[in-house]
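Chains A and B, in that order, are what the protein sequence lines are.
Residue numbers are given in this note's numbering: position 751 of the first sequence equals residue 751, and the series is strictly consecutive.
Quick note: to get this note's numbering, add 1000 to the position in the second sequence (first position is 1).
Each hint should be verified, as a subset may be incorrect.
[What the hints assert, rightly or not] Label-pair restraints from in silico Cβ distances:
1. A:L211 x B:E1114: 52 to 60 Å
2. B:Q1499 x A:D510: 16 to 24 Å
3. A:L802 x B:P1019: 46 to 54 Å
4. A:E165 x B:S1324: 21 to 29 Å
5. B:L1653 x A:C673: 27 to 35 Å
6. B:S1324 x A:L695: 42 to 50 Å
7. A:E165 x B:E1511: 50 to 58 Å
These are computed hints drawn from the structure, not numbers from a lab.
Built from N, CA and C at the ideal position, the CB exists for glycine as well.
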Amino acid sequence: MAPKKESTLSHHQQQQQQQQQPVLDFERIKRHFSWSDPSAIISTDSVMTATNNDGGTHDANAMATWGAPAAGPRNTQAAVSVRHAFKAYGKKKNANQVLNNLNMTVPKGTIYGLLGASGCGKTTLLSCIVGRRYLDSGEIFVLGGKPGTRGSGVPGKRVGYMPQEIALYGEFSIQETMMYFGWIFGMETKEILERLQFLLNFLDLPSEKRLVKNLSGGQQRRVSFAVALMHDPELLILDEPTVGVDPLLRQSIWNHLVHITKAGQKTVIITTHYIEEARQAHTIGLMRSGHLLAEESPSVLLTMYKCISLEEVFLKLSRIQSQKGDVTHVNFSNNISLHAMAFGSKMDKPSSSQEGGVVGLNFHQSKEVLINDSNGSIYTLNQEPYNPPPSKRNNNPNDEESCQDCYASLCKVTSKGKIRALLTKNMLRMWRNVGVMLFIFALPVMQVILFCLAIGRDPQGLNLAIVNGEMNDTETCFWEDGCHFANLGCRYLNHLNTTVVKTYYENIEDAKAAVRNGDAWGALYITENFTDAFTARAALGRDSDDETLEQSEVKVWLDMSNQQIGVMLNRDIQLAYRDFAMGLLGQCGNNPKLGDVPIQFRDPIYGTMNPSFTDFVAPGVILTIVFFLAVALTSSALIIERTEGLLDRSWVAGVSPGEILFSHVVTQFVVMCGQTALVLIFMLVVFGVTNNGDLFWVIVLTLLQGMCGMCFGFLISSVCELERNAIQLALGSFYPTLLLSGVIWPIEGMPVVLRYISLCLPLTLATSSLRSILTRGWAIYESDVYIGYLSTLSWILGFLILTLLVLRAKRG
Amino acid sequence: MAAVEVRNGYKYYGSKSNPKIVLNQLNMNVMRGSIYGLLGASGCGKTTLLSCIVGQRCLNGGEVNVLGVKPGLPGSGVPGSRVGFMPQEIALVGEMTVKETVFYFGRIYGLTDERIRDKFKTLKDLLQLPPARQMVKQCSGGQQRRLSFACAMIHDPELLILDEPTVGLDPMLREKIWDFLVETTRNSKLAVIITTHYIEEAKQANCIGLMRNGVLLAEDTPTNIMIKFGTQSIEDAFLILSQRQGNEDELVQILDQNRNQASVPTATLPTEVIDTHEPNTMEKPPFRHEVVESENRKKIFFTTKGTIKALMTKNFVQLFRQPSGFIFMLFFPIIQLSTFYLAIGLTPKDLNLGVFSGEVKSYSECFDDNLITVFNANDSCQFNKLSCRFIQELDDDVATRKYYATESEALKDAKRVNTVGYIHFAHNFSESLYALMEDGIHAPDGAVDNAEIGVHIDMTDQQVAFFMQRKLRDKFSNFMEKVVEECNASKALVELPVQFQDPIYGSNDIEFQQYCAPGVVMTMVFFLATLMTATVFISERMDGIWDRTLLAGVSATEMLWAHLLTQLIIMTLQSFEVIMFIGLVFDTYNKGDTMTLIGLLTMTAFCGMLFGLFISVFCKTHTEANFVATGAFYPMIILCGLLWPLESMPGFLQDLVMVLPFTIPSISARNVIEKGWSITNEKVYNGFLVMAAWTIIFFALCLVGIRRKA
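The whole structure should be built from the sequences, with the hints applied where relevant.
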């Protein structure tokens, strides 16, 4: 094919030209875009009108040439061609048809203005073109390839995309933004800086050090535009670049577009609902409710419909469509076959509308030919009937193919530039967000400190109401050390020193009343002749009479309403008695063990004789803190990216979801290392929680749990659409998990069914494993230890797989 | 007659020393019965100007007159029923149906239901609104916009302000809206201000103002402007004007270095308005602001039935149409309570305990029915294989026993944590015990040692270990008592001379669960309420419905009250649910007055709700709100003495936590449940007092915050 050859030849030349052009034409362009120079504006105006005319003629020429190849599926001349596109959202039964048998052709080297009200399907069409979404049926060719396939470069380097919203990170400076996208496109840093300098001057942007969020709206838009121009793409897609933009800026954007397409190699698709500005485009497509009403050059449209403004043309066309459409609308709301029938019926009376007839009559030669062409590239109101194939998305071979590709792209090792860009982005983002940083590092430390201070110590200063019959008053309680059998009551009470505050009462009723009023936690009563009775009891052994036995006893009434305190007092009172008896017996030359309870708790197998609640809970607390902080941080990461529009933008730049996920994993991992270090240092070093095991494995397990939490966070953020839902889910899952994982109470206390559920939770086995390491000092090869690692690893894997599946599903 | 008059409007954002000027000595005139098109790029100050006109913001200098009054004055009806406002975004509640939305706005404007119904019918035909039962979120973009338009028109305002009503609209619809506006203004005194950056469509307006960088470049009829600049379209005229201003910007900047800011570009620009007023200086005291505040204060208890009805309906509809929120509200407490009651604080079961006895060859001997362990002869008792008796004493409710032939095996299994630990009897356990009983303190040391039961326990699982120790002690004293009884000796002989009488409150076998239940339930109730409300205002602000309702003349305080009422109803339901669940399903006992408990829980929930509202008033985004809620949640749980007694904290911390909202109330609750104290007791009512104090603090802060925001 001769024209093809020609085009490839010129392609090279023009590429060279294009590369040199920015530098050569730098001064001239700068003059064009400097805003304060009135002469420059006038000259641009003249340039503009010139190009406009030029565009018109060019278009006419192009039309003649691309009539023929348009018939074939692969159109090398067209930068973008869309054939019989159907796309619906929602369930099959109640589908919302967004693209409805749409055909579109964008010739190379032109500006294509896609016009239409919001919600008419423009954005959907664009996202299909850049490979962000897939059609239900129909075909798209972009720059000679199918978008989303490997080697097509789409999404990727060959397209530049400027979304409707700003979609930039506010916390980045202009330079950092440029670096980010430059690296993604695989450019060298030096190259990026050069390009940046050019774009800064060209678009009249302020210093590259300024943060994007501090720029004015117009400046932000220009940065966004600069990002799309960054890598000098072959196809530039601009989604409403001129909304709410100052007229001067709008003018300069259009001037630039006209300029870059002049060479014939760059193609621009621009959407706008601001119809008048599209006069400068070479071709405009008027889109309404999912298909193109017309696709023509502006001047042709104006003459065709005898209007003075494009606005009026669109209004006329809309009117015609809705007159017909009212009938169709009723029919097609339900299913596609009916819809097709409606199209057929429309064909029966092609000249039902007068204006429609006029269209056909007034049309010039080439157009008529095109209309007759069965697969014509131009569709006006006289749409030909086309039965859309049943949209079985899953059985579509195209889709299978593309799915294989996305597997391939996932397996493919990503480029260094992309990873570098993504990592820098994540880090910077976190760094610039002081509040988040505080949350990340201060919260775990605070939690650990509070936990160690508030939980697990022995209660101090508990009030005990004591009545000692052996005392004369309530002040002094004197006793002698050694083997003296006098004032034994006081000697006993002396052993109670550690935790209780002793208040003496005259009689037992007063003491009990104090307990009843809540002034004391217990009442303790020692009889008047405690010493005598005790001595007698010791001397007589089994022969002592009942009265002696009763008199020799210490009576205790406790307030058991607070279980922890009650149990602790109970223990202390008993221990004090043991100490007292053993001390006395020892000093009197007897075997002190006689005073002990004959059930002897010897050296524990693991742990200490006096285990603390802190040691028991600490492993669980370490893991929960690390786990849920990771959840909190990541659960909104992807959502924020999605809502800011950056995900789309990065996607079009050729970044796969796998890469984004990976970059987040790496960033979070670094953060987590910091958190883990802080938590462990505070727990083990500052507060001295027992660790008998290998510190290395403790760190590994903690990090793994952090990873697990992170993956859970990713799962949440891929499932939830809104940030608030994500956080509700993350917070909601916290309490049950904490309670069910055996962190504060052993799982042996649960009902059997619940125990099995508990074992399936990500924290349970890991907690018991960490407890084994810390308190028992076990090594990794013990089954109780490594099972914790295994379960954590399998949870990580499970979460990751689910996340990828969900992301994949959402994309389709 | 002018509907809106702005004179020397001056407004800046940011600090006084470094102002970012938004309106720069702006003058504007809108006549009644006309359409005024306000044109300009976004960020040129259009929205600020409009918000000053409706009284939402105040100028730093200059005057605004709307319908003959100053906006924001009491009784001026601005903001309120005399103005209709259609914001740029949809700003409707997605969960409401079309009819509900129209009624919501109608009621806010104080129309009777009949009027609304009539009006709705006419507007529905006119604007081709979607079916009345359709939900707003299911409407297409165009339908939503039309509905939004209808809501701005529902009360026949004298001034209608439309902020970019036609952005992204279908041309047909756009034409229809314009036709409607032209028609209405021609036949009535309605004044319409319409902003757009879509300059061409403003051709149909009676008057257009071209705005750029806070200044009106021109204000005239479209044809006049085109004639004046000799252009074909307004677009071109605007371009020319912009260029001209652009040049002057530089000039002005140079001039600014010499002169002060009072010299303004307006003087040099060809605007239609004659600048007769003295240019105001920036230093002019913002007295207007104070006026607005005092007026708001008067309005606290002034609210109409219609407004409250409208607001409450909206809140409920919003709540019930969101299935996830509803499920969260109803089931989350149940899930949490169930997990708590099932998982925490119950006696550990299915434990394994190793047993090694040196006395027996085979453990089957122990379960031989013919085995007699105690021979009672005369004054003394003979023991035989007494360890078997103890082994039999250990039931399955303590642990499942595992028998070992050697001690090392038992130890090995315990090391591998197949058992929690093991007990071990010496080979001459019976004989030693006999010797000990006979000789008392004169028994030989060997006998004393061997008469003991040795226990080795894995102490790492503190709770399990404590449980095991307690059980073994209990069993041992039971065992000894029985042995002594058979020997006809006094029971007291083998008991520890410390006798624990029946506890004054509670029971001896109280469980951990009973200890932490009051705290857990209270925190749960508190934070559920917090989570429910923490995002209310934030969502509303983000949806834009907040501003829109404010502009309809509803004060922020009224909205606060409406939310308070809604949440109160929900919260009462929730606390009722929680209490029923605890009482019926888990059958927890309560020695005190149930009503007192219910009262305390409801107060807790109420306090939590106010805390949530407090967060949502002060936080800007959902993330921020959630961080604050979460950040408050964890420390409070750890510190409020829920898991561990307060008495174990260091002194300074103890004093600190007493101030927290749960600490004293959960002690009160425990006092009621376990001790059966009534509300008259100081240690019960102080919980109520603390809760009430927090409630009042949060409420006051909410009011202050909301005033400041408004």
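For this structure, which hints from the list above don't hold up? Of the numbered hints, all hold.
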